[in-house]
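Asker: Each chain is listed here by its residues.
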Amino acid sequence: MTVSDEILVDVKDVKVHFPIKRGVIFDKTIGHVYAVDGVDLQIRKGETYGLVGESGCGKSTLGRAILNLEPPTSGSVEFDGIDIAALKGEELRHKRQDIQMVFQDPMGSLDPRQTVESLLLEGMKAHGLTKDEKQAATRLRDLLKAVGLPVAALKKYPHEFSGGQRQRIGIARALSVNPKLIVADEPVSALDVSVQAQVINLLEELQDEFGLTYLVVAHDLAVVRHISDRIGVMYLGAIAEEADAEDLYTKPLHPYTRALMSAVPVPDPLIEDRRERILLQGDLPSPANPPTGCRFHTRCPWRQDTKCDTERPQLRTLQIAGVPDSHRVACHWAEQIESGEVAMHTVKASLTSQTDHTSGGDDFLGPASVQEAL
Amino acid sequence: MTETIENTRTRGHSEEPLLSVRDLTVTFTRQGEKPFVAVDGVSFDVRPGQTVGLVGESGCGKSVTSLAIMGLLPQRGVRVEGEVLYGGTNLLTQSKEQMRDRRGRDLGMIFQDPLSSLNPVVPIGVQVTEVLERHKGLSRKAATPLAREMLDKVGIPDPNRRLKDYPHQLSGGMRQRALIAMALACAPKVLIADEPTTALDVTIQAQILALLKELVEDSGTALVMITHDLGVVAGLVDRINVLYAGRIVERGDRHPLFAQPRHPYTHGLLSSIPRLDGERGTKLTPIPGSVSDNLPWANACAFAPRCSQPIDVCVEKTPEFVEDGPRALRCHNPVEVSR
Chain P
1 MTVSDEILVD VKDVKVHFPI KRGVIFDKTI GHVYAVDGVD LQIRKGETYG
51 LVGESGCGKS TLGRAILNLE PPTSGSVEFD GIDIAALKGE ELRHKRQDIQ
101 MVFQDPMGSL DPRQTVESLL LEGMKAHGLT KDEKQAATRL RDLLKAVGLP
151 VAALKKYPHE FSGGQRQRIG IARALSVNPK LIVADEPVSA LDVSVQAQVI
201 NLLEELQDEF GLTYLVVAHD LAVVRHISDR IGVMYLGAIA EEADAEDLYT
251 KPLHPYTRAL MSAVPVPDPL IEDRRERILL QGDLPSPANP PTGCRFHTRC
301 PWRQDTKCDT ERPQLRTLQI AGVPDSHRVA CHWAEQIESG EVAMHTVKAS
351 LTSQTDHTSG GDDFLGPASV QEAL
Chain V
375 MTETIENTRT RGHSEEPLLS VRDLTVTFTR QGEKPFVAVD GVSFDVRPGQ
425 TVGLVGESGC GKSVTSLAIM GLLPQRGVRV EGEVLYGGTN LLTQSKEQMR
475 DRRGRDLGMI FQDPLSSLNP VVPIGVQVTE VLERHKGLSR KAATPLAREM
525 LDKVGIPDPN RRLKDYPHQL SGGMRQRALI AMALACAPKV LIADEPTTAL
575 DVTIQAQILA LLKELVEDSG TALVMITHDL GVVAGLVDRI NVLYAGRIVE
625 RGDRHPLFAQ PRHPYTHGLL SSIPRLDGER GTKLTPIPGS VSDNLPWANA
675 CAFAPRCSQP IDVCVEKTPE FVEDGPRALR CHNPVEVSR
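Note that the protein sequences, when read in sequence, are chains P and V.
To convert, note that position 139 of the first sequence is 139 in the working numbering; the numbers rise steadily by one, no gaps.
One rule links them: number in the working numbering = place in the second sequence (from 1) + 374.
It should be emphasised that the hints constitute simulated quantities derived from the structure, not laboratory data.
No experiment lies behind these values; they were computed from the predicted model shown.
Warning: the hint list may mix true and false statements.
Claimed, not checked - Cut-off 25 Å, straight-line C-alpha distance, at most; resulting in silico cross-link-like pairs (DSS-like, lysine-lysine): (1) LYS657/V <-> LYS180/P; (2) LYS470/V <-> LYS251/P; (3) LYS125/P <-> LYS155/P; (4) LYS657/V <-> LYS45/P.
Model the full structure from these sequences, guided by the hints.
Answerer: Given below as structure tokens:
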């Protein structure tokens, strides 16, 4: 399916902050977890947008905020010109017909006491899509056929299926109400490797057949790169880099993307032997107490003395030859890093526990470019 | 880097195996139910300084193999047959007490989920010194500096403070490091790592894999790496055993195995995973069906129903495990070697 220029989802400066409460009788808010902290993104009709990042970066929360399953603290989510974040009650319920979700754990998201038929009919009934029984039966058959399950599956319960088949049921349920956008949160990470490919291929086929738009949230960069047209890399509640899948892979410009790419193992010993990794020191800082300035500066091997720890970088296009405008990076020094003016240096591992910032541990000096490393 | 690996391998070949698993069969028996054979005649050798991989999907018996080697399977309801030879002794016939002496001293193990394998109410330092107290007869006071040294060695910053921390105070990556420190405290000759990085993020995974590689190269520890991730073994393991439904279906040294997988299952696995450096827009070739479609090994090849190139004999006869030097294969109709 061809991607049109029409924007289906327009996320503007969305923030989702979870209060941290303490106290037995009176809840006192003592702080916030800044799960999503100012994200702008646009998803065009018919495209697959991949959100990738490590655990705790806020990618799932952002996905849920787009459905208003997690009401954003501030910002707006425009879907087809209507601000979903401002909708309430019946209006919101009605709008959700257009946006469906596929969850990570197919067993946990299917009611074990409902047959597949009843699971699939539930959403259709709620949105008044079952005019008469005959039409509903045809629709159910078509749905099962579309996701590659036998018609006999209708009378069965979720536990009678394998993991891959359950995920197919989850996808059929999402499809049952004719959505425009499907948000898939880690759709294949609970599945066995040999089955993952089946589900990935199915998602691609369905997109072609029904003209769907996807937002795929996943931690596996190889999977995301395979299915996405555009990719946003998240780090601690914000997008660090956004680009077309191919651009991001051939020319990662944000230090975090470079490190992430070099850390993904490739099932090929020839490449693995030649490859040099950018090993990041330490762990992800707590989103309850994110670092000032650029969120990545505590672990960044290209960190500079100015700007990095004081000024928060915004997503911007770069004036580098060969880098299209669709490629946006939130780094103060992206140009200089790319040209080699700013060299990589050693980062000392520091503890991520928020009470102290003692440092120590071993040093690491990595290669100058991911391109060489791969 | 390739050179060092080659060296290790040639050195490994000249030495006697440190750990030798012979025809290991693990059967789970439950009253009123058919016995289930989880591991079915698995044999492999591990030499000093060598890294051996057991690769397979969930339910292929890779974790049960490691638990059987460590003597950690429950006594009741499980039948373990075959031999696990370590320095001439069959570990399977050892008493509970004898095995307790060996675990941690001769054989170390790292588990997948560090939080559930660490004691939540005991500080990290005590958990590391415990191993030293038990096997080296040291007092806690004498063991503490050694424990600190271990934590430092596995890259835990500020080990002095961390000794007093409880597992919940550490991040996932640090917990896994603490677990590695515990496993290596008594310098065991064999280290079994069961999915050591599966619960971790990729950047942390890269740290842990680099650490394991370094420790193995420095100390000459033999490593048995159990994983489902072919990417993880590609950069780390000398020899790979691919398991399917409890049996080894293919074995080979790292380079030839990835370059020319002969078993349709290995071949299928490699072509079904999206690669970061792969061609975009090409369709993945999945392995059809799922593990539940398997046939019993008794009179067929278990993989036949999902195989891309089955022939008649595949559903009539169990394929033999044919060894050819370092390469071994259990298949009636292997994938042609492309030239």
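Asker: Each hint should be assessed against the structure and marked as holding or not.
Answerer: Evaluated hints:
1. Straight-line distance between C-alpha atoms of LYS657/V and LYS180/P comes to about 24 Å, which keeps the hinted pair within the 25 Å bound.
2. A hinted pair counts as satisfied when its Cα atoms are at most 25 Å apart, and LYS470/V with LYS251/P does not qualify at roughly 56 Å.
3. Distance check on the hinted pair: LYS125/P and LYS155/P sit about 18 Å apart at the alpha-carbon level, within 25 Å; holds.
4. Distance restraint check for LYS657/V and LYS45/P: the Cα-Cα separation of roughly 22 Å lies within the 25 Å cut-off, and the hinted pair is therefore satisfied.
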